[in-house]
Amino acid sequence: MSEFFSMGGYGSYIWASYGIAAISLIVLLITTLRGLGQSRTELDQLETVLKSRRPRRVRPKDQTS
Amino acid sequence: MHRFAKPSVFLKLTGAMMPWMVTLTVILTVVGLYLALFASPVDYQQGSTVRIMYIHVPAAWMGLFCYIGMAACGAMSLIWKHPLADICARATAPIGATFTALTLISGSLWGEPMWGTWWVWDARLTSMLILLFLYLGYIALVNAFDDPERGSKAGSALALVGAINVPIVKFSVDWWNTLHQPASVARMDGPSIDPSMLAPLLIMAFAFTGYYFIVLVLRVRLELNQRRIRALQLSGVFDDRAPTSGDDSNLAYDQGHNAGAGK
Amino acid sequence: MNAFVAILRRDLRLAMRQGADSVMVVAFFIVTTTLFPFGVGPEVNILARIASGVIWVAALLAAMLSLERVFQTDYEDGTLELLTLSPAPLELLVLGKVCAHWLTTGLPLIMAAPIMAVMLNMDQNGFATLMIAMLIGTPALSLIGAIGAALILGARRGGVLVSLLVLPLYIPVLIFGAGAVEAALLGISAQAQLQIMGAILLLSLAAAPFATAHAIRQAVE
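Residue numbers (full-length UniProt numbering), protein chains in the order written: chain X, 1 to 65; chain G, 1 to 263; chain D, 1 to 221.
So that you can see chain X by itself, here it is in the shape it has in the complex (with noise of 0.2 Å):
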């Protein structure tokens, strides 16, 4: 087992680039899957309140300028 952790000597280089694209892909995935979550509850939020809002409120003019 450890022979084959340790590849010939080589272990550390080895192992070192299989960790590091391990966890750069992973860490990507994982931000982008955090940004979705909170883009997600945020919208949410904001449609609930454009619901509840929309029927007793006149959408302002000239605001987006």
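Any given hint might turn out to be false.
[As the list claims (entries may be wrong)] Derived, one-sided and incomplete: chain G residues facing chain X with beta-carbon distance under 7 Å: (1) T49; (2) L104; (3) I105; (4) L109; (5) P113; (6) Q226.
[Unchecked claim] Residues on chain G that point at chain X, a partial pick, calculated with CB under 7 Å: (7) M21; (8) T23; (9) I52.
Since the hints were derived computationally from the structure, they do not count as laboratory data.
Glycine residues also receive a C-beta, built at the ideal position from the N, C-alpha and C atoms.
We have chain X; now place chains G and D onto it with these hints.
Below, chains G and D without anything else, positioned relative to chain X:
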């Protein structure tokens, strides 16, 4: 809202494909890692370090593939003015940059035991480094505008210009390198590669491609959500205070703040 | 063609009135080149060996320094918007502005380069090639740089951004520019390098005005 007609089709389609993509990618990754780390032979010249190749080479392919994809998206946005093309290009950039950085890091970790140095100004290493700079420039440009749509459009134009330039850069770096050939660098690519090594290489490449498509879809969704949030915030319907022009950064902050506090 | 001449004259006149632009670019070029002997030591052989590369890198940085202002002031005061509305093709107007940029930065750099080459003890037989290479290379720098300058219109921290965008695209010009001088110093014909630089110049002349005009239209939209 007709502009979101196409994105909605995209969302539906990718939503249906997603579970399959994830399963396939996980299987490919597991098989690829098994073949790469256990079942592939040790190179008679390079020993076990050849196993770094199964990360290094697919990552390099993906780095290039992502750039080509970005340029293709840039062309599509230029020709058809499709909003989704801009978003795809924008979503591809961080993935491509990650793969390119991985290529450089794993290359260095391969070079140290094999060549005795972390870095040589080899033609391929140098071109990969420049590709990373191009990615970083694209990401910086895209994020430098208050209006994300404007940023994406500028980015698409840059991706196209970069795509014309990449072959020229590659050619000139090759030329430069043959002129200043660094001494005693072993060539890594043999003319033929053993099938027992090719299999893990290709499987890892497919696994990376699957990963790319998964993250791409997620990032496109993230971008679409953010655009919709921004559109709602700018419309000012949701807020009691009438937002004055140029005040939307404040609103965005408040909204983010509340979202955090509401949990 | 009238529009091209008009915009060229206008930009040149503006540069003349403000004056400082060209002087600053050349001063930056000279100061940057002067830093190298401090960094690598005053030994004549080493300086002569790196002279061509140092001069090219400094010229690249100096040309880039002034890029931000090619379109920025016109963008801020609305002139650029009027230019896009004018009946003359925007590509031609862009070309006029690029020409003005080259005349106010590229040309002074070419004139300052031999002085720095002398100070860095570059061998005499490289001078002519250095001048020719810069004559071909600096217009390409202005053309490629204009794309970057147009892309960053309206962006935050445009000045730093333009360097990040443009410098990787400048690499081919640097490689062949320095390569041509090095070949001449070795007594080999530098024709191949100069021809490739000519090809780069022609390609950027064909493509850059369109890319720049496209970016400007996006910016004023």
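Tested hints:
1. At its closest, the beta carbon of T49/G sits 5 Å from a beta carbon of chain X; the interface hint therefore holds under the 7 Å criterion.
2. With a least beta-carbon distance of about 11 Å to chain X, the hint placing L104/G at the interface is violated under the 7 Å criterion.
3. With 7 Å as the threshold, the beta carbon of I105/G comes within range of chain X, its nearest partner Cβ sitting at about 6 Å, so the hint holds.
4. For L109/G, the shortest C-beta to C-beta distance to chain X is roughly 4 Å, which falls under 7 Å, so the interface hint holds.
5. Residue-level restraint check for P113/G holds (minimum Cβ-Cβ distance to chain X is 5 Å; threshold 7 Å).
6. Taken as an interface hint, Q226/G checks out: its beta carbon lies about 6 Å from the nearest beta carbon of chain X, inside 7 Å.
7. For M21/G, the shortest C-beta to C-beta distance to chain X is roughly 13 Å, which exceeds 7 Å, and the interface hint is violated.
8. Using the Cβ-Cβ criterion of 7 Å, the hint placing T23/G at the interface with chain X is not satisfied: the shortest such distance is roughly 16 Å.
9. About 5 Å separates the beta-carbon of I52/G from the nearest beta-carbon of chain X, less than 7 Å, and the hint is met.
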